[in-house]
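**Q** Single-letter residue listing:
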Amino acid sequence: MCTVTPISLTVGANRIVPTVAIPHPLGNPAYTMDEELELRKELVDKALKALQTEVYKQTIFE
Amino acid sequence: MKLELGYINVKGVKFATENKFENGIVYVDELALKELLLKDSSLEDCNFDVAYPGESVRITPVKDVIEPRLKVEGPGGIFPGVISKLETVGSGKTHVLRGMAIVTAGKIVGFQEGIIDMSGPGADYTPFSQLINLVVVCKPAPMVEAHDYEEAVRLAGLKAANFVAEIAKDAVPDEVMAYETKGLIDSINEYPNLPRVAYVQMLQSQGLLHDTYVYGVDAKKIVPTILYPTEIFDGAIISGNCVSACDKNTTYHHQNNPVVTDLYAQHGKTINFVGVIITNENVYLADKVRSSDWTAKLAEFLQVDGVIISQEGFGNPDTDLILNCKKIEQKGIKTVIITDEYAGQDGKSQSLADADVLANAVVTGGNANQVITLPSMDKVIGTLKYVDKIAGSHAGSLADDGTIIAEIQVITGATNELGFNKLSAR
Amino acid sequence: MKYILITNNDSLLNSSYKNINVVYKNCSYIEVLLRVRAYIHKGHTILTHPLSSSLKPNETPFKSILISGSSKGATDAFSVDIIEQAIEAYKKFPQSNKSLNQKIIDDFKLVDKTVIESAILNNL
Amino acid sequence: MSKLRVVHYINQFFAQIGGEEMAHIPPEKRDGPIGPGLAFKAQFGDEAEIVATIICGDSYFNENLDTVTKTILEMVKEEQPDLFIAGPAFNAGRYGVACGSIAKVVQKSGIPSITGMYIENPGADMFKQDIYIISTKNNAAGMRSAVKDMAPLGLKLARNEKIGASIEEGYIPNGVRVNFFEKERGSQRAVKMLLQKLAGKEFVTEYPMPTFDRVEPQAPVEDITKAKIAIVTSGGIVPKGNPDRIESSSASKFGKYDIDGVNDLTAETYETAHGGYDPTYANKDADRVIPVDVLRQYEKEGRIGQLNRYFYSTVGNGTAVASAKKFGAEIAKDLISQNVSAVILTST
Chain Y
1 MCTVTPISLT VGANRIVPTV AIPHPLGNPA YTMDEELELR KELVDKALKA LQTEVYKQTI
61 FE
Chain F
1001 MKLELGYINV KGVKFATENK FENGIVYVDE LALKELLLKD SSLEDCNFDV AYPGESVRIT
1061 PVKDVIEPRL KVEGPGGIFP GVISKLETVG SGKTHVLRGM AIVTAGKIVG FQEGIIDMSG
1121 PGADYTPFSQ LINLVVVCKP APMVEAHDYE EAVRLAGLKA ANFVAEIAKD AVPDEVMAYE
1181 TKGLIDSINE YPNLPRVAYV QMLQSQGLLH DTYVYGVDAK KIVPTILYPT EIFDGAIISG
1241 NCVSACDKNT TYHHQNNPVV TDLYAQHGKT INFVGVIITN ENVYLADKVR SSDWTAKLAE
1301 FLQVDGVIIS QEGFGNPDTD LILNCKKIEQ KGIKTVIITD EYAGQDGKSQ SLADADVLAN
1361 AVVTGGNANQ VITLPSMDKV IGTLKYVDKI AGSHAGSLAD DGTIIAEIQV ITGATNELGF
1421 NKLSAR
Chain V
2001 MKYILITNND SLLNSSYKNI NVVYKNCSYI EVLLRVRAYI HKGHTILTHP LSSSLKPNET
2061 PFKSILISGS SKGATDAFSV DIIEQAIEAY KKFPQSNKSL NQKIIDDFKL VDKTVIESAI
2121 LNNL
Chain P
3001 MSKLRVVHYI NQFFAQIGGE EMAHIPPEKR DGPIGPGLAF KAQFGDEAEI VATIICGDSY
3061 FNENLDTVTK TILEMVKEEQ PDLFIAGPAF NAGRYGVACG SIAKVVQKSG IPSITGMYIE
3121 NPGADMFKQD IYIISTKNNA AGMRSAVKDM APLGLKLARN EKIGASIEEG YIPNGVRVNF
3181 FEKERGSQRA VKMLLQKLAG KEFVTEYPMP TFDRVEPQAP VEDITKAKIA IVTSGGIVPK
3241 GNPDRIESSS ASKFGKYDID GVNDLTAETY ETAHGGYDPT YANKDADRVI PVDVLRQYEK
3301 EGRIGQLNRY FYSTVGNGTA VASAKKFGAE IAKDLISQNV SAVILTST
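For the protein sequence lines, the chains are Y, F, V and P, in the order given.
Last residue of the first sequence: 62 (the working numbering), numbering continuous.
Last residue of the second sequence: 1426 (the working numbering), numbering continuous.
Last residue of the third sequence: 2124 (the working numbering), numbering continuous.
Last residue of the fourth sequence: 3348 (the working numbering), numbering continuous.
Calculated from the structure, these hints are not laboratory results.
You may find that some hints are simply not true.
No more than 35 Å apart at the CA atoms, straight line, and that leaves these computed lysine-lysine pairs for DSBU-like [said to hold, decoys possible]:
no.	chain 1	residue 1	chain 2	residue 2
1	V	Lys2098	F	Lys1139
2	Y	Lys46	P	Lys3183
3	F	Lys1002	P	Lys3183
4	F	Lys1385	F	Lys1326
5	V	Lys2042	F	Lys1034
6	F	Lys1269	F	Lys1182
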């Protein structure tokens, strides 16, 4: 899970989930606590989905 | 476009009361030269000196090095649009005073750099230790602004070169070399089976002390364009670059561009050398993106199979280099890039400020951070006053006896990124 | 403002550039790079190369970098790459112990100014 | 001038004791040169002599790594040598690792050391940054050329002379850039390189770009509701106070932290050690970097099998790729030992 996906591609990650921002990849301080938790759940869901998906090459899960 | 370069070997340079060229010796009327240069009101004074290879002489701070050349046949003059009238050069005949150079020295700004040692360990690192150097040391008029003074010294070097070249105008060349580049279609028809190759030359273009001029145009204002290679031999490109002594391209480097020369050496044998694409190294990132798009586009337009890309300077040009390389490779055109390295004094740091896997064919001019001890010389032309202010040196770099301990980046031309030298690194 | 100019070069304070908010702080070269990085992390885009000029990072104390005036929301990968490379490049040069006199300081300021102006005046 | 004293290390095979069946023999020391030592003797001439040869079985060495290096180091020191040579090991994997390990240890004790091996020998990658490893052919037929490069470089090391670039001396590039003068100028080399590249022939770059490993993607997790999921981060999240003192940049270590019973990371309990971004947001709520709160909730809801008891953290700010690779290998080993089935890596 990373913000700058081209770097993840360069270093060879196979399952990549784009995140929010470098200082807070899985959060957003502009949101309320509840909104932020919701955002984080969405991102974790994407990650869990990526883990359950068969990939044959480097893949970004938008 | 066809150009004949007639090389006249110079064996000595002497000051005299009259200009003449005799038995390989250039006799320079010192007063006449001085008078010519001091017409520029930005200069208060200038002095001359001559340094020979092997002498215990240190020249510093060096601004530019220029080879005297004279247009003897064909359109235009040397350094068109700068001190000769604006006309396309690169055809006809040009005479070259081989074995000598004009070196401009003297402070432009407080951290002015560049050392040429004529003997000792430092001499191995600069090609100019092998030349007889007529050194022009300039002094600014009071209150002259840095821009104007830089320009005045830049022009003084070029004027001195043309003045000296004129002295040998009747000399018969010792050797003549002919170089020809035809229009693209003729060129392809002539060598249909040879791989087509172009040269992408990156020019430093960032502001005061960092500029290059093409036919008098500041290179940061150009978009990438195409030159006949022979135009470069006639001084179409000149240096206004005073920073990063080791990997800036002096005017001499441009006049004797080694990539052009070595590509010509293979032209018609193993390759078809079709031309030069010049591009710039601007500060503005959008310019870098645009210029690299254009070099790739021009390379594609020329339908070349391969290019050599050369660089100039430290730091941000690494980004231009990698962008050019990547975009040209992505067009299916093979590249070789020439650069130099800043791998730290211990050689362990990342050499370049940018990288890409497509840059898989790299020629290096060596690690500019390598530390060298330059023993004192009997004579200094210029001044040592700025030595411990320059890049790659530090306070205490200059010992009382004149010994300098510094990185080789202080030496003029040491890690040249046109591939002028044999220095390399692994 | 359309652009922000992050600088530690006070000679830029006297100039007024159209559409540019000059953010000056009396700080080190590396701090300028780090401040720009913080902006990039917030979604600003870098517009001029942080290693502008061939002056080495341990040679000149002055640095000016132009960035976009507002955040575009997402982090710009190219900007991250460029600023990180510049910070890495900075680290490989031993820090200077040179004492600079006023004349040299002024010269460094002048070069920094003309270099950044080469971007500002030609493009904006 | 007296001859330089050299101690030579070889395995059971090159000592002509036997092959695999004798790989279990413990270290022993004999006087003078044996086997390949004779080739070194011829190459050294009057300049150096092999005063002793140490022989050890490859299996014994690799199975008793800690003790055997100590024993051999003592044997070497007794001879007070000016130089220690191990191998060459060519493409023999365990022999290569043994040569690299012992040469590194001996060199650390202050005795210049050198070895030689084939570039694909696993020992080459493991030790090329620690000791000079002469690049050899992949089998013992290359003994003569190996010795021809190893002997002079060894003598230079023993005499504390300047070591040239890898291409001049013949050692495997070790990441340290060294200047030297080529025979041709750069532009000529560029033209030649381009000709090779255009012809589709082999060419060697003078500066290899940094590269990163590629790995085959793992098979997907079959049943996520039974999976044990661990968190690994380069975002520098650590318990408040940074107990392991992970560096804010160029990290030399990673931390392993117990989150048993932790449902939420708070400003009072966790922070970031990372110096490469504004820490305000992570310090306020470290879940913004590692989603412990969400995964814990999912664990309770049965949406994932289990959140691993430990998370792993380092700082990815100017950290050397070699260090990161080492951390990764150690973390992976630890994860496997805990039967972790999937990992979420977060970066900042």
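**Q** Give a verdict on every hint.
**A** Structure-based check of each hint:
1. Among the hinted pairs, V/Lys2098 with F/Lys1139 is consistent with the structure: their alpha-carbon atoms are about 25 Å apart, no more than 35 Å.
2. For a cut-off of 35 Å, the pair hint linking Y/Lys46 to P/Lys3183 is broken: about 57 Å separates their Cα positions.
3. A C-alpha spacing of about 31 Å is found between F/Lys1002 and P/Lys3183, which places the hinted pair at or below 35 Å, so the restraint holds.
4. For the given pair, F/Lys1385 sits about 43 Å from F/Lys1326 by alpha-carbon distance, which is inconsistent with the 35 Å threshold.
5. A distance of roughly 58 Å separates the Cα atoms of V/Lys2042 and F/Lys1034; the hinted pair therefore is violated under the 35 Å criterion.
6. Our distance criterion of 35 Å between C-alpha atoms is met by F/Lys1269 and F/Lys1182, whose separation comes to about 16 Å.
In this structure, the hints that do not hold are numbers 2, 4 and 5, in rising order.
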